[in-house]
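Chemist: Residues per chain are reported as follows:
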Amino acid sequence: MAKVVVVTSGKGGVGKTTTTAGLGTALAQSGQNVVVVDFDVGLRNLDLVLGAERRVVFDFINVVQGVAKLQQALIRDKRLETLHLLPASQTRDKDALTDDGVARVIGELRSRFDWILCDSPAGIERGATLAMRHADAAVIVTNPEVSSVRDSDRIIGLLDAKTERAERGEKIDKHILITRFDPNRAARGEMLNISDVLEILSLPLLGIIPESEEVLRASNLGTPVVLNNPASAAARAYLEAARRLMGEELNVTVPSEKRGLFNKLFGRRAA
Amino acid sequence: MESETRPRPVRFRGRSYLAFSLAPEPPIADWLADLDAAIDRSSGFFVGRPAVLDLGNTALSQSAIALLIQELEARHIRIMGIEGAEAANLGPGLPPVLVSGRPASGGELARVAQEAQDKPASKPAEQQSGSLVVDTPVRSGQTIYNSAGDVVVVGSVAWGAEVVASGSVHIYGVLRGRALAGATGNTKARIFCRKLEAELLAIAGYYRTVDDIESNLRNRPVQAWLDGNAMLIAALD
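Note that the protein sequences, when read in sequence, are chains G and D. Just so you know, the numbering used here puts 51 at position 51 of the first sequence, and the rest follows in order with no gaps. Just so you know, the numbering used here puts 1086 at position 86 of the second sequence, and the rest follows in order with no gaps.
Everything labelled a hint here was simulated from the structure, so no lab data went into it. Hints may be right or wrong, so weigh each one.
Not everything, but these chain G residues come out facing chain D in the computed CB check (under 10 angstroms) [as the list claims (entries may be wrong)]:
#  : residue
1  : 10
2  : 43
3  : 102
4  : 158
5  : 164
6  : 168
7  : 170
8  : 172
9  : 199
10 : 202
11 : 205
Here are some chain D residues the structure puts well away from chain G; computed CB gaps all over 10 angstroms [said to hold, decoys possible]:
#  : residue
12 : 1011
13 : 1174
14 : 1176
These numbers come from a predicted model, not from an experiment. Glycine included, C-beta positions come from ideal geometry on N, C-alpha and C.
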């Protein structure tokens, strides 16, 4: 049974695209047939994070408008054959997506894949509501800071009002994924801590992705962090989050980098 | 500082009214004839009653809308607002566009209709009493509104969320957003919450914001009530 998951946040820059790529890669590695769909029309990024930007010929808009077939627009990952990308257009804007067209494409994807991960644009406007429209589950990406948590709260309200499931009176599974978490800064009170975030949002936690240079390095290389450095703290966190998304019960921990003696003695370098 | 020198805050009161919604259907001439027949059966029904014009079924020009409103006024129907039309299509001098109306229950309408027959010179309809219980957290951007009694939230109220009640407001969680009790003027209404981090508390139009809530009350269970013109807040623990 295919599952449509929207990766959303309200606020921009919190790590939706990195998370879509990370979860998608981790799910695909476990043998699931996965497609990641870039809903951020006009500001596409998912292709870059996956290193597929030079292979985009047709895009989501072309398929929605019937100019291209789905098969022509889907890009299969070169490293993982169960991972596919449906790229967004960089030249069009979100108005080019029609409700009916998106519904048709999602329906087609459901018949081909186990997981359909929708990378939502920031904001609460049409692009974001279209991305969540057909979702069975949502991953709400939040940074441990007040503005991000408040925006996430707003998005959760929309998930309960504007999705197809909500309109049918059904529930949609909602998970919180905390990204860019720095335990040291949280301990110093410079960030919200995990329990604050969960208390405010009152939803279950899918995982905690530590702030990590590995993430930035991996997206610059066009390789999801899960593939680029599977032993890194961020990669392990995404792999565990994907297992939880598949229904496994795992205790949530904050994976930390293995530190050298220098760091142990003198603390972390200043960022 | 003397209490008289404190600036007196301006009071904003929310109020909701029951209005009839008239939804003309084309052809308008036939609809007006039907309306006349209805008025003949119960004269005085619309006298003094606010009515809203729902243009959702029609596509009238600006001048046609103005003419329709004149026709209705000739029948003693005063239009206080327009629904289902774009504000841009309404010229100056026309009633404002209303949104987010909801249908009234059959009971409410029947009672008002009954009153209309009993005493055509209307008096404000009595509020039906009934509290509204919300079992989920109130999310940022959401408003919970009960014009007919208390609101009870079993959960937290987020920053930027709003709970409005004609009666009291009870929050069994953290109150981070706004709570407005006695929104229709009930000065006996109170606000209760399990943990106070509110942006704003208001009772019957008197309000206090974060800045004028004593800091030793924050993060504690409290109640707020009105004593004359002053809102008092006290910890419950």
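Chemist: Look at each hint and say if it fits the structure.
Modeler: Hints and how they fare:
{"no.": "1", "hint": "10", "verdict": "9 angstroms, holds"}
{"no.": "2", "hint": "43", "verdict": "24 angstroms, violated"}
{"no.": "3", "hint": "102", "verdict": "24 angstroms, violated"}
{"no.": "4", "hint": "158", "verdict": "8 angstroms, holds"}
{"no.": "5", "hint": "164", "verdict": "19 angstroms, violated"}
{"no.": "6", "hint": "168", "verdict": "17 angstroms, violated"}
{"no.": "7", "hint": "170", "verdict": "15 angstroms, violated"}
{"no.": "8", "hint": "172", "verdict": "13 angstroms, violated"}
{"no.": "9", "hint": "199", "verdict": "8 angstroms, holds"}
{"no.": "10", "hint": "202", "verdict": "5 angstroms, holds"}
{"no.": "11", "hint": "205", "verdict": "16 angstroms, violated"}
{"no.": "12", "hint": "1011", "verdict": "28 angstroms, holds"}
{"no.": "13", "hint": "1174", "verdict": "8 angstroms, violated"}
{"no.": "14", "hint": "1176", "verdict": "8 angstroms, violated"}
Hints 2, 3, 5, 6, 7, 8, 11, 13 and 14 from the earlier list are contradicted by this structure; the remaining hints agree with it.
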